[in-house]
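Note that the protein sequences, when read in sequence, are chains R and P.
Residue numbering for the first sequence follows our numbering, beginning at 780 and increasing consecutively.
Residue numbering for the second sequence follows our numbering, beginning at 292 and increasing consecutively.
Among these hints, one or two may not hold up.
Interface residues of chain P toward chain R, partial, derived using beta-carbon atoms under 8 Å [as the list claims (entries may be wrong)]: (1) Gln334; (2) Asp338; (3) Met344; (4) Ala443; (5) Lys445.
Label-pair ranges, simulated between beta-carbon atoms [said to hold, decoys possible]: (6) R:Lys789 x P:Lys403: 22 to 32 Å; (7) R:His877 x P:Ala443: 35 to 45 Å; (8) P:Pro342 x R:His877: 26 to 36 Å; (9) P:Glu437 x R:Lys789: 47 to 57 Å; (10) R:Lys789 x P:Arg325: 20 to 30 Å; (11) P:Gln328 x R:Glu875: 48 to 58 Å; (12) R:Lys813 x P:Ala443: 19 to 29 Å; (13) P:Glu433 x R:Arg916: 27 to 37 Å; (14) R:Cys917 x P:Met318: 50 to 60 Å; (15) R:Arg876 x P:Met302: 40 to 50 Å; (16) R:Pro858 x P:Ala449: 17 to 27 Å; (17) R:Asp822 x P:Ala440: 19 to 29 Å.
If you're looking for bench data, these hints aren't it; they were derived computationally from the structure.
Each residue gets a CB set at the ideal place from its N, CA and C atoms; glycine is no exception.
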Amino acid sequence: MSGAGFANLKALIVEDNGHMRALLRTLLNSAGVKDVSEAAHGDAALEILRERKNDLVLTDMAMKPMDGLEFTRQVRNSPQSPNPFVPIIMITGHTERHRVEAARDAGVTEFLAKPITAAHLFSRIALIVERPRAFVRCDSYFGPDRRRRQIEDYAGPWRRAEDFNDRELR
Amino acid sequence: MSNPAQKQAQMITPDAYPQMMSRQDGMRAMLSMRSAQTMDKAQAAMDAAVPAMKNAILQYVGELEQAGGDMRKIFETVHEIRGFAATAGLVTTGRIAEILCRYMDDMERLGKAADGQLVALHVSAIARAARAEDDDVRLGEEVAAELAALVARKLLTAR
């Protein structure tokens, strides 16, 4: 089998380190993704997104002048964004909890800590394909649903329309 | 209970927005991606990247040593090293970089300056580990454990 399912997929890698870009490209190629474009920072990536359709984005977090967080926010929220729903995997060595939360709040779909392995990268892609996330739009956020699991005894505020459809008001 | 005046969030289910690929293509792609052939190819790509990654690490180490007291530069560079080292097969280098990353991040969050001597000690250990011909994991773990203990004491004092 030669990755026929990914044959028509277009991916974009946003990473300031050329070696890591090359490695990610090779890993995507080995999974069957042949059409891969590259950018060294968020500004260049936004240009590419405007020029061509992309189905998947892999982005680093720390880049200059535009980092991966701002890039993600632009993709999700800018009126000029060609595809606010595009899956974004953030791949970074900045794995402290508050940075992971910042990535989540910017609207990334999946988070992958460096050092990367092929298995870990493929597992994130598999999540996007097999378990696509719902998107949430509210005053302060647009992006993939940040609730990963349902908490049985959740005591916080219920704000979503379906919360009211699915349960009686507490 | 929610505040009735609060605007409700809108949920957009996956079938209501364009997906990365069709369900059928997705199933085919997953079969292919999980095949032994694909994993072998991917592993070969990882292995082939090791020499270039090692060179990149050595370049970062040089930048780290040149950074002097520029803590922002050290912070950024050591995060790069943490991200690359294991891919380059430099486990010890990555482990020590990880300790320094955590320390500098914690100090930043505490609003305090990192201890220059402690940072220099880590930089020196990272450089030695990266330039060692063999990645001596056992010895490296001992060094890393010592540094981690030192960092824990420093953080306790800082808090």
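Broken hints, by number: Numbers 2, 4, 5, 6, 7, 11, 12, 13, 14, 15, 16, 17 - these are the hints that the structure violates, sorted from lowest upward.
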